[in-house]
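Engineer: Residue numbers (UniProt numbering), protein chains in the order written: chain A, 1 to 495; chain B, 1 to 306.
Think of the hints as simulated: they come from the structure by calculation, not from any bench. Small disclaimer: the values here were computed from a predicted structure and weren't measured. Where hints are given, some of them may not hold.
Label-pair ranges, simulated between beta-carbon atoms [claimed, not checked]: (1) B/PHE291 with A/GLU491: 51 to 59 Å; (2) A/GLY166 with B/ASP60: 49 to 57 Å; (3) A/SER32 with B/GLY57: 29 to 37 Å; (4) A/TRP380 with B/TYR205: 56 to 64 Å; (5) B/LEU24 with A/VAL278: 19 to 27 Å; (6) A/HIS172 with B/ALA296: 55 to 63 Å; (7) B/ASP60 with A/ASP108: 23 to 31 Å; (8) B/MET56 with A/HIS172: 31 to 39 Å; (9) A/GLU357 with B/LYS125: 46 to 54 Å; (10) B/ARG10 with A/ASP108: 40 to 48 Å.
Backbone N, C-alpha and C define an ideal beta-carbon position, used for all residues, glycine too.
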Amino acid sequence: MKSLPALALGLALAVPATVTFAQDDTLVIGRSASTNALDPGFLREAATVVDNIFDTMVMRDEDMNLVPGLATEWTSINDTTWEFTLREGVTFHNGEPFNADAVKFSLDRVLDPENNAPTISYIRTISSVEVVDPMTVRITTSAPDPLLPTRMSRYPAYIVPPQYIGENGREHFANNPVGTGAYRFVDFVPDERVTLEANPDYWRGAPDIGTVIWRPIPDATARITSLVTGEVQLIENVPVDLVPLLQQTPDADLVQVENGGLTIYLGLRMDKEPLDNVLVRRALNHAIDRESITQNLLGGLATPKGSQVGAADFGYLDVPVAEYDPELSRELLAEAGFPDGFEITMQSSFRYMKNAEVAQTIAQEFEDIGLTVNQETMEWSVYTQTVPFEGPIYMLGWGSTQTLDADAAVYAILKSGEPYSGASIPELDALLDESRSTVDPEARAEILEEIQELAADQVPLITLYQEDQLMGKSPNIEFEGRADARIPVFEITMD
Amino acid sequence: MKGLRFLLSRAIQGLIVMFGVSLLVFFALFLTGDPAILMMAPDSTAAEIAAFREAMGFNDPIIVQYGRFLVEALQGDLGTSLRYSRPAMDLLADRLGATALLALSALLWSSLLGFLLGAVAAVRKNSPIDFAIRVISLLGQAVPVFWLALMLIILFSLNLRWLPSSGYGSFEQLIMPSLALGAYYLSAITRLVRSSLIETLGENYVRTARAKGLTEWRIVVRHALRNAMIPVVTLQGMYLASLMGGALVTEIIFAWPGIGRLAVEAIQNRDFPVVQAVVLFAALVFVVANFLVDVAYTWLNPRIRL
Numbered sequence: 001m002k003s004l005p006a007l008a009l010g011l012a013l014a015v016p017a018t019v020t021f022a023q024d025d026t027l028v029i030g031r032s033a034s035t036n037a038l039d040p041g042f043l044r045e046a047a048t049v050v051d052n053i054f055d056t057m058v059m060r061d062e063d064m065n066l067v068p069g070l071a072t073e074w075t076s077i078n079d080t081t082w083e084f085t086l087r088e089g090v091t092f093h094n095g096e097p098f099n100a101d102a103v104k105f106s107l108d109r110v111l112d113p114e115n116n117a118p119t120i121s122y123i124r125t126i127s128s129v130e131v132v133d134p135m136t137v138r139i140t141t142s143a144p145d146p147l148l149p150t151r152m153s154r155y156p157a158y159i160v161p162p163q164y165i166g167e168n169g170r171e172h173f174a175n176n177p178v179g180t181g182a183y184r185f186v187d188f189v190p191d192e193r194v195t196l197e198a199n200p201d202y203w204r205g206a207p208d209i210g211t212v213i214w215r216p217i218p219d220a221t222a223r224i225t226s227l228v229t230g231e232v233q234l235i236e237n238v239p240v241d242l243v244p245l246l247q248q249t250p251d252a253d254l255v256q257v258e259n260g261g262l263t264i265y266l267g268l269r270m271d272k273e274p275l276d277n278v279l280v281r282r283a284l285n286h287a288i289d290r291e292s293i294t295q296n297l298l299g300g301l302a303t304p305k306g307s308q309v310g311a312a313d314f315g316y317l318d319v320p321v322a323e324y325d326p327e328l329s330r331e332l333l334a335e336a337g338f339p340d341g342f343e344i345t346m347q348s349s350f351r352y353m354k355n356a357e358v359a360q361t362i363a364q365e366f367e368d369i370g371l372t373v374n375q376e377t378m379e380w381s382v383y384t385q386t387v388p389f390e391g392p393i394y395m396l397g398w399g400s401t402q403t404l405d406a407d408a409a410v411y412a413i414l415k416s417g418e419p420y421s422g423a424s425i426p427e428l429d430a431l432l433d434e435s436r437s438t439v440d441p442e443a444r445a446e447i448l449e450e451i452q453e454l455a456a457d458q459v460p461l462i463t464l465y466q467e468d469q470l471m472g473k474s475p476n477i478e479f480e481g482r483a484d485a486r487i488p489v490f491e492i493t494m495d
Numbered sequence: 001m002k003g004l005r006f007l008l009s010r011a012i013q014g015l016i017v018m019f020g021v022s023l024l025v026f027f028a029l030f031l032t033g034d035p036a037i038l039m040m041a042p043d044s045t046a047a048e049i050a051a052f053r054e055a056m057g058f059n060d061p062i063i064v065q066y067g068r069f070l071v072e073a074l075q076g077d078l079g080t081s082l083r084y085s086r087p088a089m090d091l092l093a094d095r096l097g098a099t100a101l102l103a104l105s106a107l108l109w110s111s112l113l114g115f116l117l118g119a120v121a122a123v124r125k126n127s128p129i130d131f132a133i134r135v136i137s138l139l140g141q142a143v144p145v146f147w148l149a150l151m152l153i154i155l156f157s158l159n160l161r162w163l164p165s166s167g168y169g170s171f172e173q174l175i176m177p178s179l180a181l182g183a184y185y186l187s188a189i190t191r192l193v194r195s196s197l198i199e200t201l202g203e204n205y206v207r208t209a210r211a212k213g214l215t216e217w218r219i220v221v222r223h224a225l226r227n228a229m230i231p232v233v234t235l236q237g238m239y240l241a242s243l244m245g246g247a248l249v250t251e252i253i254f255a256w257p258g259i260g261r262l263a264v265e266a267i268q269n270r271d272f273p274v275v276q277a278v279v280l281f282a283a284l285v286f287v288v289a290n291f292l293v294d295v296a297y298t299w300l301n302p303r304i305r306l
């Protein structure tokens, strides 16, 4: 049904544009999802917009190194205490001064169980925040937490103005945010737009682009059309099948952030037969031709992987991709006592790149080694209710691009008992716990590498490939995309 | 007296329908699963999810939750959106204007043109022009709205660059969504006006009018059309009612900030209170529209007195 309009769109795109829309220093960004609210402590969505209004104490530069933000330096005083020295002379957009009280207020309100912050898990290791002096903050964690500086670089750790929120309340703040960031809030019309304007007094210098308008355009074809016609200059989420359209028009460029997307894997319910048998898990692992899937089905917009950990993550180990060897798979199955295969259910949704097609291909490859596969494909909101409780095989994507640390890539999906984990390997659990209580970076990296080696050997889940992150932009925009999927307009320039 | 009793019985029927809808929407949503897991960040612990569930009241017996829901709904409080942290009624009210604008404009142009085409086709029955109108109206109903919408975008935005491809706020941005949405209704109204008019033109009183020497157009406009309008008004009432619940596909494709898009996103994110609010609102509009159609009937044709 979709192919006919896409074909026609392709024909239309092949004709170069004759009219270009007027450009000033306004950047319009087309998003796939609507903005719901703008309080960075209580987000239930990606922080793409608030990223530009607020700052964190720690930031990431374009190469994803942790660099000073609202804190100029931070040190670990002992195993459980970190001290942050704050930047002098920073004010919020309403003139309120930035100081240690603001930091304490910002973190405490997320940690307060009364407030039910949806992302409390991101900073739950914090036990207290203490104001040492107006420009110094000490954060104590309940156990050693090597990731604390990383946690301070993402939501919900944005610093918000205590006085403003105290006077106006949280609901007002969520619709009229005030931060210290490069852009000031102008207006927010739900489902229509969020408008921001440059903060000329920004502590990193005045931004290049004067006004930013974020527009939700849920339909992918409509999003690409508005990019080509010049109504917007940057778009998120380009579906794989529409990539050729962007490549053939002179009016738009594809922004491809290699390995900037999720790592797709097959989750396995290890408590259900026959997936409790490591031989069976290995057999499945070798039955999949990842190279063919990523090249032929996904057009080279994903990379086969041997580890869930991203190449840019702290603690990454270059685990070789499991070889495609159906003969070996059949032998392993026979050795495990299943010479004639078995019947199994595989669940998937429509969330990821060509999700249904990939699942179909894998199901066929499993049938090639003698299995009978019942495929269940579900709508996403239903899928998240069943995964990973049913399975026993389920396709999911997981990412660590927000923290760029191996912990985010493995803990939640490999530790037994975690909501999204189907794995249960005691040795692996012990290592995962150890990694969370080891502060010394080198020792921690070693443990994280051990985890990946063990996972490659025991196959608690089947790692498939990592998607690229795909965006589209006008030719007059300078933006390469970022591995952490953010869109910091401060770093974008426009001719 | 008779009319009043009729209206009263209709009102009671409407209330029963609304109660049934509230039961259905409430329980259907709960049968499909746990909203707490979806609402929380993916790496939340089981304990955090449980705490959230408790705070949101998802742990109470379902009948208690329904009772609470019903009492609050009667007071105009349909709960707070889980995603927006704002009252669901406010979210709905915010988007009512956009949906009403789209619905009314689509219905307006399609009705005007539909009456004209339908009347011409009826008067020139079986002529080439009738044939052409019938083919066009058949196509209008056969073409899916998403396809038509994309074709309009490709023609007017990409090739001609006359109209913005999506968005809300200006007259230019209204044209394509209104065209795409109204095409179906244009066809339906044209066909109905045509067949209804052909029927009335065969009635005795029309023959009398002809015998009096009135011109054909005068007969059509002054006498036949009024009677032919009865089924058309019913149709329009129902169309308007269904359109006020939001035009899902059209609103998504044109990024139109209406109720349909709100509904789709609420369903995708399991935002219970918003889904409930949208469905209840759509049902209410339907009940009210039905009622108004009944009233319109009696005005158009005094013989209809139930």
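Engineer: Between the beta carbons of B/ARG10 and A/ASP108, is the distance compatible with 40 to 48 Å?
Structural biologist: For A/ASP108 against B/ARG10, whose Cβ atoms are near 57 Å apart, the range 40 to 48 Å is violated.
Engineer: Given a hinted range of 31 to 39 Å, is it respected by the beta-carbon distance of B/MET56 and A/HIS172?
Structural biologist: Given range 31 to 39 Å: violated, Cβ gap about 22 Å.
Engineer: Could you tell me whether the CB distance from A/SER32 to B/GLY57 stays inside 29 to 37 Å?
Structural biologist: For A/SER32 and B/GLY57 the Cβ distance comes to about 31 Å; the hint holds.
Engineer: Taking 46 to 54 Å as the hint, is the beta-carbon distance of A/GLU357 and B/LYS125 inside that range?
Structural biologist: 51 Å, holds
Engineer: Given a hinted range of 49 to 57 Å, is it respected by the beta-carbon distance of A/GLY166 and B/ASP60?
Structural biologist: For B/ASP60 against A/GLY166, whose Cβ atoms are near 33 Å apart, the range 49 to 57 Å is violated.
Engineer: Just to be sure I understand the hint, the distance between the Cβ atoms of B/PHE291 and A/GLU491 should be within 51 to 59 Å; is that true here?
Structural biologist: 58 Å, holds
Engineer: So does B/ASP60 sit 23 to 31 Å from A/ASP108, Cβ to Cβ?
Structural biologist: Since B/ASP60 and A/ASP108 have Cβ atoms about 30 Å apart, the given range 23 to 31 Å holds.
Engineer: Has the hinted range 55 to 63 Å been met by the Cβ atoms of A/HIS172 and B/ALA296?
Structural biologist: 45 Å, violated
Engineer: Go ahead and decide if the range 19 to 27 Å is satisfied by the Cβ distance of B/LEU24 to A/VAL278.
Structural biologist: 48 Å, violated
Engineer: Please test the hint of 56 to 64 Å on the beta carbon pair from A/TRP380 and B/TYR205.
Structural biologist: 59 Å, holds
When each numbered hint is compared with the structure, violations occur for hints 2, 5, 6, 8, 10.
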